[in-house]
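Residue strings, one per chain:
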Amino acid sequence: MELAYNGLILMLGAVWAVPLGIFVGMAIGAMPGLNSSGMLAVLLPLLIMMPPEVGLIFAISLYAGGEVGNSFPAIILNIPGNASSAVTAAEGSPMMARGEGGRALGLAVMASTLGAFGGGLLILVATPLLSNVALSFSSVEISIVVLFGLTAIAQISSGGLAKGLLAGFLGLLMATVGTDPMWGTFRGTLGSVYLLDGIAIVPALIGLLAFSEVIRMMQGDTSGISMPKAIVFKFKEMVGGFVETLKMPFVVIRSGITGMIVGIIPGAGTSVATFLAYQQAIAAAPPERRAMFGKGSSEGLVSADCANNAAVSGTLVPLLTLGIPGSSASAIMLVIMAYHNLEIGPRLFSVNGDVAYAILWSQLLAGLLIIIMGSAVAAYAYKLALIPVRLLIPIIAMFMLIGSFGANGYVFDMWLMLGFGVIGYLMKRYDYPVVALLLGLILGSLFEGHLNRALRMGFGSPEIFFTRPLALFLWALLALVVVGPALMRIIRRKDRV
Amino acid sequence: MAVAGGEPDMREEKWGVFLIPLLSLLYVGYMVLEQYLGSYRASTVNYATGLGLVIAVLALSIIFGEIRKGSAASTDAGPEQQQDAPLGHLFTAKSMGFLLLTAMFILLVEALGYILAFFPYLAVILWMLGFRPRYMILVVAAAITAFVHLFFVWGAGLQLPKGVLHAII
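These protein sequence lines map, in sequence, to chains A and B.
As numbered in my numbering, residues 1 to 497 make up the first sequence, in order.
As numbered in my numbering, residues 1 to 169 make up the second sequence, in order.
Here chain A stands alone, though its shape is the one from the complex:
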């Protein structure tokens, strides 16, 4: 209880970072082609310069704001900025075409608020409890949890399990570059003194998440979008949307819980949460209302936006309890935590509990602020979608180059960013999950350390990984992640026959 109070005080000291993060996130989310995690990567050098609680609160607020901001051009211009706002575009833009744009924005903003606030409340209660469970994890269990995280991301990735695992294990191998922590020998440095401390995470992260996106933007049309006429909304219509959302508590609760659970699963992210909640909304709707889906259904819009924002809170759970980032945004948060030497993993709440609680409180505040800021920004944010990509690209390129240089002050890190940018681009092009490589790279040293410690616990024998009950339970979960989807497919096929 004392920690929660200390966390609240700490959060109040950095309270300005919440509205600022949400505002920047909404602005970035409103620009198609830019995603909040890519932008977080670009801003990482600035975030690590801030005190840890400020950087972390700003990062998660920006991520949350980005998920709301995506909805504005999706509804108004029918331009989904990313996969998670595709449903919002599908349901919101027909409403807009019918002249109900204000209502659609009201539904989206209120659903986002409820998703973020509900998710924030749930993680505030559940995360410290889960962290207590995680405290019973030894090096054996932590090693398996890292593998579990990689496997879960691999299984969910669109390219399939093999590509996901390849990316994850490649990340683990890349993390061995530098000085061997046990024996002090240099590994895989290619003779470069700049790699003696390992591959710098900040330029790698900027390259994989942001630079790769810019290469993708350069591959496509860079002329931008033109908007012929001015769009006007009445605030009264938005309020109508707020009230309408409050009249569907079941849709909100169901979508919020779905979003939250999906958010907890590493790699699943907001897109999976959105589509799952949307499917549930279709399945649960009475037949006469089901026909409205895809043509401007309020239930469809609310389910997607609520799940989307609840998932943002969910991604914090594995990060704060196990030190396993489940998404690109939480990977960036992990880098900030590591930079400030915060305790990463199950002991975070006992060593830096105030910071952990400050992050959780900030999510709750973010939930409350989304409705105020969303209402104010919604009617104007779509205009950001009209900024030509050809102007954004050089600005982003400048931020990326300076960002990769800034952390260590080496020009070599700019090369590293460029190299990882090309790798990230190739991975995205051929359906390899970039976040799996990133997770391997970030958690590699932790995994190696715990693996060595576990083997020492077992006097050099790997038998210890299969004798502890908790380890066996985690192996069973891991096996379920690997074979579960295949088993489900077989069962479904048999049902059809």
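These are calculated hints, taken from the structure and not from any lab test.
Mixed in with the good hints, there may be bad ones.
Now the stretches of chain A that chain B is said to cover, found in silico as 3 or more residues with beta-carbon under 8 Å [stated by the list, open to error]: (1) 160-173; (2) 179-192; (3) 394-403; (4) 446-454.
Reference excerpt, derived from the structure (chain A facing chain B, CB under 10 Å, subset only) [what the hints assert, rightly or not]: (5) Pro45; (6) Thr176; (7) Arg216; (8) Val389; (9) Arg390; (10) Leu418.
Below, simulated DSS-like cross-link-like pairs (lysine-lysine); rule was C-alpha separation at most 25 Å, straight line [unchecked claim]: (11) Lys428/A to Lys69/B; (12) Lys236/A to Lys247/A; (13) Lys295/A to Lys234/A; (14) Lys236/A to Lys295/A; (15) Lys428/A to Lys94/B; (16) Lys428/A to Lys14/B; (17) Lys236/A to Lys383/A; (18) Lys295/A to Lys247/A; (19) Lys234/A to Lys247/A.
Note that CB positions come from ideal geometry on N, CA and C, so glycine has one too.
Given the coordinates of chain A, assemble chain B onto it according to the supplied hints.
Coordinates of chain B only, in the frame set by chain A:
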């Protein structure tokens, strides 16, 4: 990139699908061989070898999977056959130009300094992307370079390479 008739060029380098697994195999080969040939402790070598083995198995399975998919598509190809949408060129002239420009910038930033490197880098990117009118290219490139100086160097105290201008700035 456009072909005659104004249609977008959707030709695709088929070998592209092998790039990541082949690069992974190459990297594994380097990491494992370096440790086998050098004087590394057994635990260090075993860890890299273990990871390398998993990566090699996965990379080979992806390569064989792609070969099988390719040969199945070529034998069964018919008008009704559902094929993956082509991805287009691996790198277009624009994206390749951007990469080369960025490489040039990094190569020259230490010698020229950030002001003399950023200004032409940004101006050429803007021109390449079709930003017009032309005088605005110079204005925008100068404005971004000024922002870098005022915000990052002057404001945040970042020590960017000053190059030939080190005596002035």
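Assess, step by step, whether the Cα of lysine 236/A is no farther than 25 Å from the Cα of lysine 247/A, and give holds or violated. Status holds; Cα separation ~17 Å.
Tell me if chain B covers the stretch 394-403 of chain A under the three-residue, 8 Å CB rule, please? Coverage by chain B holds here, the residue count being 6 at a Cβ distance below 8 Å.
Holds or violated: lysine 428/A and lysine 94/B, Cα atoms, limit 25 Å. holds, 18 Å
Would you check the hint for lysine 236/A and lysine 295/A, treating anything up to 25 Å between C-alpha atoms as holding? At roughly 23 Å apart (the allowed maximum being 25 Å), lysine 295/A and lysine 236/A satisfy the hint.
Chain B contact restraint on arginine 390/A - CB to CB distance below 10 Å: Holds: closest Cβ of chain B sits about 4 Å from arginine 390/A, inside 10 Å.
Have a go at the leucine 418/A hint: is there a Cβ in chain B nearer than 10 Å to its own Cβ? holds, 6 Å
Lysine 428/A and lysine 69/B: Cα distance at most 25 Å? holds, 20 Å
Satisfaction of hint between lysine 14/B and lysine 428/A, Cα-Cα up to 25 Å: holds, 16 Å
Are the Cα atoms of lysine 236/A and lysine 383/A separated by 25 Å or less? Judged against 25 Å, a Cα distance of about 21 Å means the pair holds.
Could you check if threonine 176/A really has its C-beta closer than 10 Å to a C-beta on chain B? holds, 6 Å
Compare the distance between the alpha carbons of lysine 295/A and lysine 234/A with 25 Å, and conclude whether the hinted pair is satisfied. holds, 22 Å
Chain B contact restraint for proline 45/A - C-beta distance below 10 Å: holds, 8 Å
Going down the numbered hints, you'll see the structure goes against none, and every one checks out.
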